[in-house]
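Asks: Listed below, chain by chain, are the residues.
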Amino acid sequence: MLEHYVTAFSTILLPQNLLAMLMGGLWGIIAGALPGISTSMAVVLSIPFTFGMSPITGFTMLVSVYCGGITGGSITAVLFGIPGEPSAVCTVIEGYSLAKQGHAAHALWVFILASAIGGIFSVFVMMAATPVIANFAMRFGPPEYFALTMLGLSVVSGLSGGSVLKGLISCLFGIFLATIGTDGITGVERFTFGTTILLGGISFVTAMVGLLAVSEVLIEAEQPFQEYKGSARYRGLKEELPTLSEYKENWQTLTKSSVIGTIVGALPGAGATIASFLAYGEAARSSKHPERFGNGAIDGLMATESANNASTGGSMTTLLALGIPGSNTTAMLIAAFMIHGLQPGPLLLTQRPDIVYGIFVAMLLTNIFLVALSVIGVRMFLQLNRLPYSVFSAAIMILCAIGAFGLNNSVDDLYVMFGFGLIGYYMRKFGFPIAPAVLGLVLGNLAELSLRRSLLLSLGNPLILVTRPLSAIMLFFAAVSLIYPLIKQPKALKDVEM
Amino acid sequence: MKRDEIIVNLVIIAFFIFMLINSLKLHEIRRFGEVGSGFWPILILSTATLLSIILLVSTLIKYLNEKKKASVEASISKEALVDLKSRRRKFALSVILLLIYVIIMPWIGFVLSTLIYVLAFILALEERRKYVLIISPVLVTALIVIIFAKFIVIPFPRGVGIFAAFSRLIY
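Chain order of the listed sequences is A and B. All residue numbers for the first sequence refer to the numbering used here, where the first residue is 14 and numbers rise by one. All residue numbers for the second sequence refer to the numbering used here, where the first residue is -8 and numbers rise by one.
Please note that a few of the clues may not be correct.
[Stated by the list, open to error] Restraint ranges, calculated between C-beta atoms of paired labels, are given here: (1) Leu212/A with Thr38/B: 20 to 28 Å; (2) Leu72/B with Asn422/A: 39 to 47 Å; (3) Ser258/A with Asp(-5)/B: 28 to 36 Å; (4) His353/A with Lys121/B: 38 to 46 Å; (5) Ile125/B with Pro237/A: 48 to 56 Å; (6) Ala133/B with Pro475/A: 30 to 38 Å; (7) Ile94/B with Asn474/A: 49 to 57 Å; (8) Ile153/B with Pro28/A: 24 to 32 Å; (9) Gly207/A with Ile153/B: 31 to 39 Å; (10) Gln364/A with Arg120/B: 34 to 42 Å.
[Claimed, not checked] Simulated pairs of lysine to aspartate or glutamate, EDC-like, Cα-Cα distance not exceeding 16 Å: (11) Lys(-7)/B with Asp74/B; (12) Lys81/B with Glu235/A; (13) Lys58/B with Glu(-4)/B; (14) Lys81/B with Glu57/B; (15) Lys76/B with Glu235/A; (16) Lys76/B with Glu117/B; (17) Lys269/A with Glu235/A; (18) Lys53/B with Glu117/B; (19) Lys261/A with Glu202/A; (20) Lys16/B with Glu259/A; (21) Lys53/B with Glu(-4)/B; (22) Lys301/A with Glu259/A; (23) Lys442/A with Glu117/B; (24) Lys442/A with Glu235/A; (25) Lys442/A with Asp(-5)/B.
Hints were generated in silico from the structure; no laboratory data involved. Yeah, the Cβ is synthetic: ideal placement off N, Cα and C, and Gly gets one too.
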């Protein structure tokens, strides 16, 4: 194992990879800080840049965008009270209160360091857990894979905000989309209606670009004209370094939140948003000064920030070890794996250790890099909010078109992107969450193939799914995760789309 | 809003039922002892149809309850109506412009279509500052061409005839 780390470190330290990390981290923070661009959208938009890169350079860039996006989302949350990401909602509550009391710089420092601690903690967990889980997953048969996909899909449908019914319909729509094209087992065309465009199925990237990014620009385009996106002005960074005693006092909160973040991130379907809410809730429950919560509690800010950054390592563990994306953003990364001819899952670790260990090291260095980038760049990132927003929207549209076109160099894909942009727009308008549809599209094929293979194994007896202990347990949790939100939904989650 | 929701629900149900009918045709395609190509789509689409019918019913119940409560529907203020119209216009323009961009790209090439699209789109978003209108389309197009056409070498459409000749001057 050691030799893999040595190779990975020496590869990641190559200038082109460091440059990719720098660019990715910068773009991630910027995108995260701008309210119009979500982390998943930032990853979608950076995919075309990776077309010309080697897989390891490409992934270095993509994971940097991912980690940077989560960090960046909190910058605007602290300074302007605008959550750049849904996962930064609790950061607004505590961080912005601190900023209003004149401690903006202090809040920034606290969140930057807490983010790094959460992120780095989760990377170490990922390094330790991925080989173990992948090894374990080698024993998974088709029924276990089916149960695992069902678990992921039910968690995301149940928890993605709004009504569970709409989440489920959105998820089933995504699964249906995955059936379009030639059937892998019988070779029959399904739902192509005689067209050649749909013969190969709907490409993930094209559909995601439409659903996530184009629809978001269309929603933003409707808003009244704004010269700039940022409304408030930044008041200057005073020297307000947090003291060591603050960290000593709150080390328990930090550790607990990092653990919560990593575990929640690793659950298929639950991402940074849920992680930060849970950690924040737990910190409020166990705090020595619960009265400070809502008025700039340092421990609250630390909890939410370390948890949402820790979720990145957790999500990546599930992605690398099982091939199951934990969130919208990691679903995008699955698409990136496929573009480079790789299939994430337990076999990847043995077939391409260079990629897996490369990603470990890249994520570790990115988290350290991000501290430096955030400290140096805060001032600059805030100026970005003064760019003309209309031009930004236009540039995002062009990047979407390039992402869709560049995949197969085909204009047909642009029409597919356009169609999905409209679908995504109406889904958002009528409260259907996008995340379940995206995960349904990505996991649909795996779910179908593993179900059909299971039934082949059992000669058509569906009981095989519940007689094998592991798959029975996972299906049980899948059912619970759908029923639980119907009974009791965390209040804050209701208003937030994951 | 509730009325729109009901219409959308009906469209969703129609879509799922249409696809379900199509998937029934696939059901026979299978080998002995296997579930066929139609099995999974039928399972998914029938569940989806069922759930969307439940959604429709619950929306209808809410709609009727609300109607009972507020028999006189609150009239929409004039400003809100103007705002709604402006929103719809901007949305329609954005959609049409994107479609035109996709349609004309293979004919006039990536560079020209992008230049025109950026200008048209920011105009549609009500950008009226002259320096932004003049500088940004050129700047955005130039940056994109340098990064994606020159550096990453994505073979963007060059257009036909004179447009192709123009595109070749650039990439």
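Asks: All hints, please: hold or fail.
Replies: Evaluation of the provided hints:
1. Leu212/A with Thr38/B: 20 to 28 Å: Holds: the Cβ-Cβ distance is about 26 Å, inside 20 to 28 Å.
2. Leu72/B with Asn422/A: 39 to 47 Å: 46 Å, holds
3. Ser258/A with Asp(-5)/B: 28 to 36 Å: 56 Å, violated
4. His353/A with Lys121/B: 38 to 46 Å: Check passed, 44 Å falls within 38 to 46 Å.
5. Ile125/B with Pro237/A: 48 to 56 Å: Hint violated: Cβ distance 24 Å, outside 48 to 56 Å.
6. Ala133/B with Pro475/A: 30 to 38 Å: 59 Å, violated
7. Ile94/B with Asn474/A: 49 to 57 Å: 52 Å, holds
8. Ile153/B with Pro28/A: 24 to 32 Å: 42 Å, violated
9. Gly207/A with Ile153/B: 31 to 39 Å: 36 Å, holds
10. Gln364/A with Arg120/B: 34 to 42 Å: 54 Å, violated
11. Lys(-7)/B with Asp74/B: 19 Å, violated
12. Lys81/B with Glu235/A: 6 Å, holds
13. Lys58/B with Glu(-4)/B: Holds: Lys58/B and Glu(-4)/B sit about 15 Å apart, inside 16 Å.
14. Lys81/B with Glu57/B: 31 Å, violated
15. Lys76/B with Glu235/A: 10 Å, holds
16. Lys76/B with Glu117/B: Holds - the C-alpha atoms of Glu117/B and Lys76/B are around 14 Å apart, at most 16 Å.
17. Lys269/A with Glu235/A: Cα-Cα ~42 Å, so violated.
18. Lys53/B with Glu117/B: 38 Å, violated
19. Lys261/A with Glu202/A: 62 Å, violated
20. Lys16/B with Glu259/A: 67 Å, violated
21. Lys53/B with Glu(-4)/B: 11 Å, holds
22. Lys301/A with Glu259/A: 13 Å, holds
23. Lys442/A with Glu117/B: Not satisfied, since the Cα-Cα distance of roughly 22 Å exceeds 16 Å.
24. Lys442/A with Glu235/A: Holds, at about 12 Å.
25. Lys442/A with Asp(-5)/B: This hinted pair holds, its Cα atoms lying about 10 Å apart.
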